[in-house]
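**Q** Okay, here's what each chain looks like letter by letter:
There are 2 protein chains.
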Amino acid sequence: MTVAYTLYSMHGSGNCYKIRLVLHELGLPFRIIDVEKGSGITTSPDFLALNANAQVPLLVLPDGRPLAESGAMLLHLAEGTALIPADPYERALCWQWMFFEQYSHEPVIAVARNWLFLTPGGRERMAHRIDEWQTKGYRVLSVMEGRLEQSDFFSGPTFSVADIALYAYTHVAEEADYDLSAYPAIRAWLARVASRPRHVGIGWRG
Amino acid sequence: MTVAYTLYSMHGSGNCYKIRLVLHELGLPFRIIDVEKGSGITTSPDFLALNANAQVPLLVLPDGRPLAESGAMLLHLAEGTALIPADPYERALCWQWMFFEQYSHEPVIAVARNWLFLTPGGRERMAHRIDEWQTKGYRVLSVMEGRLEQSDFFSGPTFSVADIALYAYTHVAEEADYDLSAYPAIRAWLARVASRPRHVGIGWRG
Numbered sequence: 010m011t012v013a014y015t016l017y018s019m020h021g022s023g024n025c026y027k028i029r030l031v032l033h034e035l036g037l038p039f040r041i042i043d044v045e046k047g048s049g050i051t052t053s054p055d056f057l058a059l060n061a062n063a064q065v066p067l068l069v070l071p072d073g074r075p076l077a078e079s080g081a082m083l084l085h086l087a088e089g090t091a092l093i094p095a096d097p098y099e100r101a102l103c104w105q106w107m108f109f110e111q112y113s114h115e116p117v118i119a120v121a122r123n124w125l126f127l128t129p130g131g132r133e134r135m136a137h138r139i140d141e142w143q144t145k146g147y148r149v150l151s152v153m154e155g156r157l158e159q160s161d162f163f164s165g166p167t168f169s170v171a172d173i174a175l176y177a178y179t180h181v182a183e184e185a186d187y188d189l190s191a192y193p194a195i196r197a198w199l200a201r202v203a204s205r206p207r208h209v210g211i212g213w214r215g
Numbered sequence: 010m011t012v013a014y015t016l017y018s019m020h021g022s023g024n025c026y027k028i029r030l031v032l033h034e035l036g037l038p039f040r041i042i043d044v045e046k047g048s049g050i051t052t053s054p055d056f057l058a059l060n061a062n063a064q065v066p067l068l069v070l071p072d073g074r075p076l077a078e079s080g081a082m083l084l085h086l087a088e089g090t091a092l093i094p095a096d097p098y099e100r101a102l103c104w105q106w107m108f109f110e111q112y113s114h115e116p117v118i119a120v121a122r123n124w125l126f127l128t129p130g131g132r133e134r135m136a137h138r139i140d141e142w143q144t145k146g147y148r149v150l151s152v153m154e155g156r157l158e159q160s161d162f163f164s165g166p167t168f169s170v171a172d173i174a175l176y177a178y179t180h181v182a183e184e185a186d187y188d189l190s191a192y193p194a195i196r197a198w199l200a201r202v203a204s205r206p207r208h209v210g211i212g213w214r215g
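Going down the list, the sequences are from chains Z and B. For any residue, its number in my numbering is found by taking its place in the first sequence, counting from 1, and adding 9. For any residue, its number in my numbering is found by taking its place in the second sequence, counting from 1, and adding 9.
Pairs involving identical chains hold if they fit within one copy or between any two copies, as the list cannot separate such chains.
Simulated crosslink set (DMTMM-like; lysine to aspartate or glutamate; CA at most 25 Å straight-line): (1) K46 <-> D186; (2) K145 <-> E45; (3) K145 <-> E158; (4) K46 <-> E183; (5) K145 <-> D55; (6) K46 <-> E184; (7) K145 <-> E184; (8) K145 <-> D188; (9) K145 <-> D161; (10) K145 <-> D186.
I should point out that these hints are in silico values taken from the structure, not numbers from a laboratory. These numbers come from a predicted model, not from an experiment.
So here's chain Z without its partners, still in its complex pose:
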């Protein structure tokens, strides 16, 4: 019997997709427990015992111990592999871009996508937020474009977990009303990431 990771995952969630991407990339055995949106599972006592912060993704390690926060999972799973840069400065940039993603990118682009694409009636309900999402989201995309004009990947010349973190919601930014046609460096980087041999799409079940 294979000792495997267990991932509590919500279909369509970019934060959950990041973990599936890194697990595939590294060829690690895992199983998924699907958490349906609105099912209330994340606030059940059993789940809260694993993650008191009531969020997916939630990763259960082969020894049974839980780990929350997609960024922490990426760093833990990739530790000691080529997905964490060996150079100390590139490693620091890898962390920088991962925190940038969670602080500046996800709360705008993923939240906009949630309401505008995933939630029935969300566009009407959140109409007053759309201008702010557009302004903030395009600013974030411009910061990314500037970096990718200098470097093939976010932490440096090689693919790292920072690219996985930023790919997840950027590649579906159009679902949040962002037009990427004026961002050629981002589009070329998206294609580089998607061309990796073990890449899977966000809609892949597994």
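Got chain Z sorted already, so can you dock chain B onto it with the hints?
**A** For chain B alone, coordinates are given in the frame of chain Z:
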């Protein structure tokens, strides 16, 4: 001449305070460039060349290269020291709590403090947000309390950069209208952190 770190820092900012705390804790030589709130410095061309995301803190390393994002600075400066847990699972929890801080804690408690304490007229202007900040902030504090009932520090039995990250805005949560009297484990942890020999207060100039 001492090779030193340069920190672009805004007085009163918890994110900047984290970096001052870790620099003091590790006894690293540094100088501060004070960035006044509203001065426009972070959107000047010289600053944007260092951090296209237009934010402080911004750390310039001894070799002149810039690093953004407080979490990345904490991990980089503390790498190879006792402030990063040696055990892989505790290290993963250290990352987990740092991402928790930036994603769930700072956008509520630091933002509430900014408007309610630091911004003249902010309480009136943001009156419609206060209920939401109270609900979300107390939920975050409850998650922290639960962890600190099990463990002296966030990543495990020893002080780590996760504690620095979470201390910065939690110890001034009262400035954001949160009452910590019902959170004894948090209050005991705050006292443990503040009692460290090299600790400095948020108001310390340096």
